[in-house]
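Chemist: Sequence:
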Amino acid sequence: MADGIPLDSIRKSLRRNHYYYHSVRHSRLSVDDEPSSLDEMPLMMSDEAFENDENDYQTLPRARVNHRRRGLGWFLLGGWKVLWSSCCDCLVRMCRRKKELKARTVWLGHPEKCEEKFPKNSIHNQKYNIFTFVPGVLYQQFKFFLNLYFLVVACSQFVPSLKIGYLYTYWAPLGFVLAVTMVREAVDEVRRHRRDQEMNSQLYTKLTLRGKIQVKSSDIQVGDLIIVEKNQRIPADMIFMRTSEKNGACFIRTDQLDGETDWKLKMAVGCTQRLPAVGDLFSINAFVYAQKPQLDIHSFEGNFTREDADPQIHESLSIENTLWASTVVASGTVIGVVIYTGKETRSVLNTSYAKNKVGLLDLELNRLTKALFFAQLVLSIVMEAVHSFVGPWLRNLFRFVVLFSYIIPISLRVNLDMGKAAYGWMIMKDENIPGTVVRTSTIPEELGRLVYLLTDKTGTLTQNEMIFKRLHLGTVSYGTDTMDEIQSHIIQSYAQGSSSGDSATASQKSQTPGPKVRKSVSSRIHEAVKAIALCHNVTPVYEACGETETAEAEQDFTDDNRTYQASSPDEVALVQWTESVGLTLVNRDLGSLQLKTPAGQILSFNILQIFPFTSESKRMGIIVREESTGDITFYMKGADVAMASIVQYNDWLEEECGNMAREGLRTLVVAKKSLSEEQYQDFESRYNQAKLSIHDRTLKVAAVVESLERELELLCLTGVEDQLQTDVRPTLELLRNAGIKIWMLTGDKLETATCIAKSSHLVSRNQDIHVFRPVTNRGEAHLELNAFRRKHDCALVISGDSLEVCLRYYEHEFVELACQCPAVVCCRCSPTQKAQIVTLLQQHTANRTCAIGDGGNDVSMIQAADCGIGIEGKEGKQASLAADFSITQFKHIGRLLMVHGRNSYKRSAALGQFVMHRGMIISAMQAVFSSIFYFASVPLYQGFLMVGYATIYTMFPVFSLVLDEDVKPEMALLYPELYKDLTKGRSLSFKTFLVWVLVSVYQGGILMYGALVLFESEFVHVVAISFTALILTELLMVALTVRTWHWLMVLAEFFSLGCYLASLAFLNEYFDLNFITTWPFLWKVSSITLVSCLPLYIIKYLKRKFSPSSYSKLAS
1 MADGIPLDSI RKSLRRNHYY YHSVRHSRLS VDDEPSSLDE MPLMMSDEAF ENDENDYQTL
61 PRARVNHRRR GLGWFLLGGW KVLWSSCCDC LVRMCRRKKE LKARTVWLGH PEKCEEKFPK
121 NSIHNQKYNI FTFVPGVLYQ QFKFFLNLYF LVVACSQFVP SLKIGYLYTY WAPLGFVLAV
181 TMVREAVDEV RRHRRDQEMN SQLYTKLTLR GKIQVKSSDI QVGDLIIVEK NQRIPADMIF
241 MRTSEKNGAC FIRTDQLDGE TDWKLKMAVG CTQRLPAVGD LFSINAFVYA QKPQLDIHSF
301 EGNFTREDAD PQIHESLSIE NTLWASTVVA SGTVIGVVIY TGKETRSVLN TSYAKNKVGL
361 LDLELNRLTK ALFFAQLVLS IVMEAVHSFV GPWLRNLFRF VVLFSYIIPI SLRVNLDMGK
421 AAYGWMIMKD ENIPGTVVRT STIPEELGRL VYLLTDKTGT LTQNEMIFKR LHLGTVSYGT
481 DTMDEIQSHI IQSYAQGSSS GDSATASQKS QTPGPKVRKS VSSRIHEAVK AIALCHNVTP
541 VYEACGETET AEAEQDFTDD NRTYQASSPD EVALVQWTES VGLTLVNRDL GSLQLKTPAG
601 QILSFNILQI FPFTSESKRM GIIVREESTG DITFYMKGAD VAMASIVQYN DWLEEECGNM
661 AREGLRTLVV AKKSLSEEQY QDFESRYNQA KLSIHDRTLK VAAVVESLER ELELLCLTGV
721 EDQLQTDVRP TLELLRNAGI KIWMLTGDKL ETATCIAKSS HLVSRNQDIH VFRPVTNRGE
781 AHLELNAFRR KHDCALVISG DSLEVCLRYY EHEFVELACQ CPAVVCCRCS PTQKAQIVTL
841 LQQHTANRTC AIGDGGNDVS MIQAADCGIG IEGKEGKQAS LAADFSITQF KHIGRLLMVH
901 GRNSYKRSAA LGQFVMHRGM IISAMQAVFS SIFYFASVPL YQGFLMVGYA TIYTMFPVFS
961 LVLDEDVKPE MALLYPELYK DLTKGRSLSF KTFLVWVLVS VYQGGILMYG ALVLFESEFV
1021 HVVAISFTAL ILTELLMVAL TVRTWHWLMV LAEFFSLGCY LASLAFLNEY FDLNFITTWP
1081 FLWKVSSITL VSCLPLYIIK YLKRKFSPSS YSKLAS
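Everything in the sequence shown is counted per our numbering, starting at 1 for the first residue and increasing by one.
Check each hint, because a few of them may be wrong.
Stated by the list, open to error - Derived pair list, reagent style BS3-like, types lysine-lysine, alpha-carbon separation capped at 25 Å:
1) Lys429 to Lys891
2) Lys102 to Lys117
3) Lys127 to Lys113
4) Lys469 to Lys357
5) Lys749 to Lys357
I should point out that these hints are in silico values taken from the structure, not numbers from a laboratory.
Predicted, not measured: the structure shown is a model, and the values here were computed from it.
Whenever a hint applies, use it, and build me the whole structure from the sequences.
Modeler: In structure tokens form, the structure reads like this:
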């Protein structure tokens, strides 16, 4: 209905109401209160975009901004930053100007004939070199305000007039932090260098005119002929010239390139494979024309030309003739000619360097430290102002800044980093989530702050294990319980054929001319099973032989170790099913394919053409000739949307596809067409001509194949089930109850994605689903978004193409509407789109996102998210290695978030604030001390007292807060609603921080004033009383903060107290030992400590009694 609405009326309406739209432009976000006006109001508040060319839509708002006047005010209010950054960007672009990538002609074995200079074939993953290491590491450290602040304070101590205490009290902590960081970075750099050297130094055999020589991987050049043995890594992008396999094909493993564990079949160039000997590669005059290097690892266009033949030999090259770098040869020995090296290879071009992720808690603490610095400046100015700015006030002001520098403790960074390491260790040691690995130790707190979870479908929510479930022939349907009927029909069909002495009788019988002749159920089953057994890209592999090529001996065909290799698990499931009903694929090579009947007969077929599956065509086809009869048949299978217009008219396909999709089955339509010899010869000549085209090859080939795809005979509809992972439903329900919004991003088709969303309970069965109609332009997107906006509380299902159109024109509106949905399913998503959705959510919602996946196509999404989780699945380990956290099953994410995410965030929040409290209390004491003693900028405590206070006297009890937990793990999993409180960030906020500031000021004032009031004769007694009371107060405050005691916490408390008491004997310089052993000292210290801590204990008790938190209610 929306498609039929003309856009002219919209344009007229927009022009009529131009001024009204401009008046409501700024109130767009408040229209939720007026549903009636919401439906009529257009998404775009201006008609400019409709009047302009479509290419200008994105630039219009930006253009309007750029037309504003830029005066002195603009420059002073931030314009200088814009100009500076643009100048820097320009310089960087000039320094990093990339060489333009071009197509190339590569002569076999003659790299010297290459006209251009190509990059060196070396791998370089190091972040620094010997000159940039120290500056680089220092920059990474001092770009944070905390470290830069301490550097300035420590440097100030070299100025005699600003010196407050001993140099080591400032430089030792800073030096320790920098030393640890540099050692860690140096170790990582050395490891990277060793890995790079190991890869670059791998030896390969190179073919030359003088014979075979050994060369390092880094010395390989474009044009070299390289021999790669079985299980050896391919060093550069190559074109496959020859193989030791007789069939002219080999298998490669691509799990390190695309994350898929299925082997890929590659074919050698026919001209070079037919040469008698390897040395003949140098006796021919041939070259390869290759397109310019590009990102797409699934496509390639090129030509092979042999000039010394008469006539010249031309062969088209496609993705099947390529051997990409970082893949591994799985069978035989291959020879290839290098076409791309180094940074021009597909693997390097597709490498996305992960950003350095910084947790939200770290950003919040950074803001708090800036606030503390501002408070420190204000306090210093107040101290000097009260003193009337007399004398060298500027020097004294800076001395006060240094005196109060303990307000921002340098131990904050050290404690938090050690805490993060402890959380990572606890996660990996949790027996309830075995196999979990923490790869990024800097963001465990992010697990407790997530609002959006973006998940892949295949292999993440599902097991990626396909099981054949349904075969539908139009009038009859077979399920798992009736497969034995199919088996009996197949046995009967081939038994009739063998009894007549002709193995092809059944086949001839099935190909009765004239579609109107009604066939028996048995013959229809036979045709369908035969089509499924022939139309695929599956190759049987016999482990016992160690080769993909099977001998023609009968015993090899009955080998129990037969396994099937294909790029799609769906195809393997179909071939395994045909084996279970009696028709077995026993052998396949480049040009032939053999099936074994239930009676043990071998049926041989010549493969004439193969049309591989692509995401654009959504179908694959094969043309075969049966050797015994010579019949040529074109078989095709594909998605129902692609096949519906190709097959002959029928009245059941659409309905049955819908029924199977509702059951969560992946459907494939299978059809065939019989060809005469003349028809095939005509097609072959046109097809070969199209394949040799340099320009628009893909379109020309598709047009030729399309001429064949008409009026196909519909054979059957298959349904394959992708089983759900263990405990997916309860895990998704747990996450939903925790307030986490779940988006499913998949490359699968819309129907299957919708079914999995329902079967996994991502979308509840009674919940309405809005399927976003396909849109191709701005007008359609406008109408569809208006239709979607009228829906309330429904899940959204949208395809990648429609999503791209919506984001191009209505990015803000679409994200705003989608975020209101309880669940979103994006199907037919490319890896780039997945990462784009993550980035959109981060920009538009400012909430924390988590991405979880298991394949190479999920890596971009995982690296873009605030927290990336990888699952070690059937698609390889690429996602797992790129992720911040690696798990073995989807169900483990529940405990990872609810338990470890909660504990990490709560503990770090408490630890960070307590460390700041430890610095603020001593600064408050310093302020009181200076104000009483005529505002003198003299330190209260010096030397070892300050070092000991921050380390051995209080470090262990404070750090033991990483063992604290407010809720038992069982309770956190039982009541996931508790997780909602964490996302609000209440454990660490300006409110909680202000409470700690007030506590610090109160305790610092009590400790200092108490010591000054109670001391009698000597000043050294003030130091002894106040410092001892300070240590006891800190130990008691730790006890006040702890919610669940651990035996290590008790040990830390007593150990620290013991260390302090033991060290008193060696602190003659600071304490009067005769005084600290008297009763007056003990009662004075005890009374001051009691006054500083007892009120806080009383307040905490009353708060727990009359205003308990939600988790404490559950605990009780």
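Chemist: Now, for every hint given, state plainly whether the structure supports it.
Modeler: Against the structure, the hints:
1. Lys429 to Lys891: holds (17 Å)
2. Lys102 to Lys117: holds (11 Å)
3. Lys127 to Lys113: violated (35 Å)
4. Lys469 to Lys357: Given pair Lys469, Lys357 is violated - Cα atoms ~44 Å apart, limit 25 Å.
5. Lys749 to Lys357: violated (33 Å)
Hint compliance for this structure: hints 3, 4 and 5 are not met, and every other hint is.
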